[in-house]
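K.L.:
Listed below, chain by chain, are the residues.
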Amino acid sequence: MAYIARLTFVLAMICIAAAGALALTEGATTPVIEQRIQEELFEAMADYVPEADNFEEKVVNDKTFYIAEKGGEEIGYIMTASAAGYGGPVYMNVAVDTEGEILAVDVDRHTETPGIGDVIEDEEWLAQFDDKTIDDEIALEVDIDNISGSTVTCRAATNAVRNAVDEIGAEFLGLEVAEWDLADVEDGTYEGTGSGFGGDIVVEVTVSGGEITSIEIIEHSETPEYFELAKDIIPEMIIDEQDWDVDEASGATMTSIGIKDAVFDALAQ
Amino acid sequence: MSMAKEFSKGIIKDQPVLRLLLGLCPALGVTGTATNGFGMGMAATFVLLCASIVISLLRSVIPKSVRVPCFIVIIATFVTIVDMTMNAFLPELHDALGIFIPLIVVNCLILGRAEAFFSRNPLHTSIADALGMGAGFALALTILGAIREILGAGTIFGVVITPEAFEPFGVFATPPGAFIGLGFMLAGMNYISKKLKLD
Numbered sequence: 000m001a002y003i004a005r006l007t008f009v010l011a012m013i014c015i016a017a018a019g020a021l022a023l024t025e026g027a028t029t030p031v032i033e034q035r036i037q038e039e040l041f042e043a044m045a046d047y048v049p050e051a052d053n054f055e056e057k058v059v060n061d062k063t064f065y066i067a068e069k070g071g072e073e074i075g076y077i078m079t080a081s082a083a084g085y086g087g088p089v090y091m092n093v094a095v096d097t098e099g100e101i102l103a104v105d106v107d108r109h110t111e112t113p114g115i116g117d118v119i120e121d122e123e124w125l126a127q128f129d130d131k132t133i134d135d136e137i138a139l140e141v142d143i144d145n146i147s148g149s150t151v152t153c154r155a156a157t158n159a160v161r162n163a164v165d166e167i168g169a170e171f172l173g174l175e176v177a178e179w180d181l182a183d184v185e186d187g188t189y190e191g192t193g194s195g196f197g198g199d200i201v202v203e204v205t206v207s208g209g210e211i212t213s214i215e216i217i218e219h220s221e222t223p224e225y226f227e228l229a230k231d232i233i234p235e236m237i238i239d240e241q242d243w244d245v246d247e248a249s250g251a252t253m254t255s256i257g258i259k260d261a262v263f264d265a266l267a268q
Numbered sequence: 000m001s002m003a004k005e006f007s008k009g010i011i012k013d014q015p016v017l018r019l020l021l022g023l024c025p026a027l028g029v030t031g032t033a034t035n036g037f038g039m040g041m042a043a044t045f046v047l048l049c050a051s052i053v054i055s056l057l058r059s060v061i062p063k064s065v066r067v068p069c070f071i072v073i074i075a076t077f078v079t080i081v082d083m084t085m086n087a088f089l090p091e092l093h094d095a096l097g098i099f100i101p102l103i104v105v106n107c108l109i110l111g112r113a114e115a116f117f118s119r120n121p122l123h124t125s126i127a128d129a130l131g132m133g134a135g136f137a138l139a140l141t142i143l144g145a146i147r148e149i150l151g152a153g154t155i156f157g158v159v160i161t162p163e164a165f166e167p168f169g170v171f172a173t174p175p176g177a178f179i180g181l182g183f184m185l186a187g188m189n190y191i192s193k194k195l196k197l198d
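For the protein sequence lines, the chains are Z and Y, in the order given. Note that numbering that gives the first Met the number 0 numbers the first sequence so that position 96 is 95, with each residue one more than the last. Note that numbering that gives the first Met the number 0 numbers the second sequence so that position 35 is 34, with each residue one more than the last.
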């Protein structure tokens, strides 16, 4: 018994000492870490909008925007948006001015393959976004050049920029964004496009009596074995739930997202 | 054994990565550049040193049957301190090393030395052993990092050293390159071991 008590006592003492040491270290480092993160963010934003003298944070529906101000007036908007890449989401920082022109585009973070996917960090490639505005397409191989060998990452980065521009446009610049409301869709057949792993996926969606009755994939360039995993289950789920935002098929995430986006594109107004 | 001998055995005879084959995960995972390899080596050395001091001092207090939990708590504490301190003051290195910092806790090298050496030897030889092992670990990681950085990116410690015409071998920047590089280093170490008749 005394032996067990001794074991417990020694282990407990060591744990208490460890907890004390950790508490002290945390107390000393947390303010430094938080201040550094804040400073980095502001430094990056000052880089994007050099004229600004203040940045205000604005959170809408869990999305964080930063409003660049000069003398109390809004002069630009900054946000970080993501899109699915090869190794996970690719996050891009985008700054847009009040006229809807892109001021700066930068890679925030990504987990793409080093040496292959990180070509998106190339300044020349990023410079393509600089003269774009909210009215441009901002789509890979339309007005943004692809880097051969890194298509998936380039498309993800481009789509992330597009998403950021759309979000900023909808929030601050009065851009009308397509909304999903089945009740407003008249009966008929609609075509829509989304981008999957290998390129565009085109679907034909038939609506009758206010319900989606069929979804046909009429064009795609996905890898056949992955396409198999998604091609039936995703349309079935969408018809079942009467909603485009269903779970993705495991193993075929990119293809699933492509089909979902295409259905959204077809019916959203 | 003299302290100098305790220290130097970590560099060649009991070289942790190349002779004992301990701590191979970080050796493969973070050696994309010489700086990262060196940073990881230093972080592990710091943990080894602190663990050696505390474990060696407490060696008569810690009961045999709970020694492993005690070692783990002590090691984990120092690893967490390194993690938080690095995050505060060396953020770039902290980002580059990522998950491998917390994983120092389960680095076989540190638990192995705690079990085999620190818990059985007095303070001064434990410190010599910890510094030697740490230096050997840091040296192996820095060399592997340097090889991969030169071949994979044409730089060393971030400085361009190769002529402009040099086209980097992308594979050395990726995990397979780590295996290839480590394989050649092990082959070289085996050759040296034979020559020096270490076995």
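Treat the hints with caution; some may be incorrect.
Covered stretches of chain Y (chain Z as the covering partner; in silico rule of three or more C-beta atoms under 8 Å from a C-beta of chain Z) [stated by the list, open to error]:
id: 1; stretch: 61-71
id: 2; stretch: 74-82
id: 3; stretch: 137-146
Just so you know, the hints here were simulated from the structure itself, not pulled from any lab data. For each residue, glycine too, the CB sits at the ideal point set by N, CA and C.
K.L.:
Now tell me if each hint is right for this structure.
P.N.:
Against the structure, the hints:
no. : hint    : verdict
1   : 61-71   : holds (count 6)
2   : 74-82   : holds (count 4)
3   : 137-146 : violated (count 0)
Going through the hint list in order, the structure does not satisfy hint 3, though it satisfies all others.
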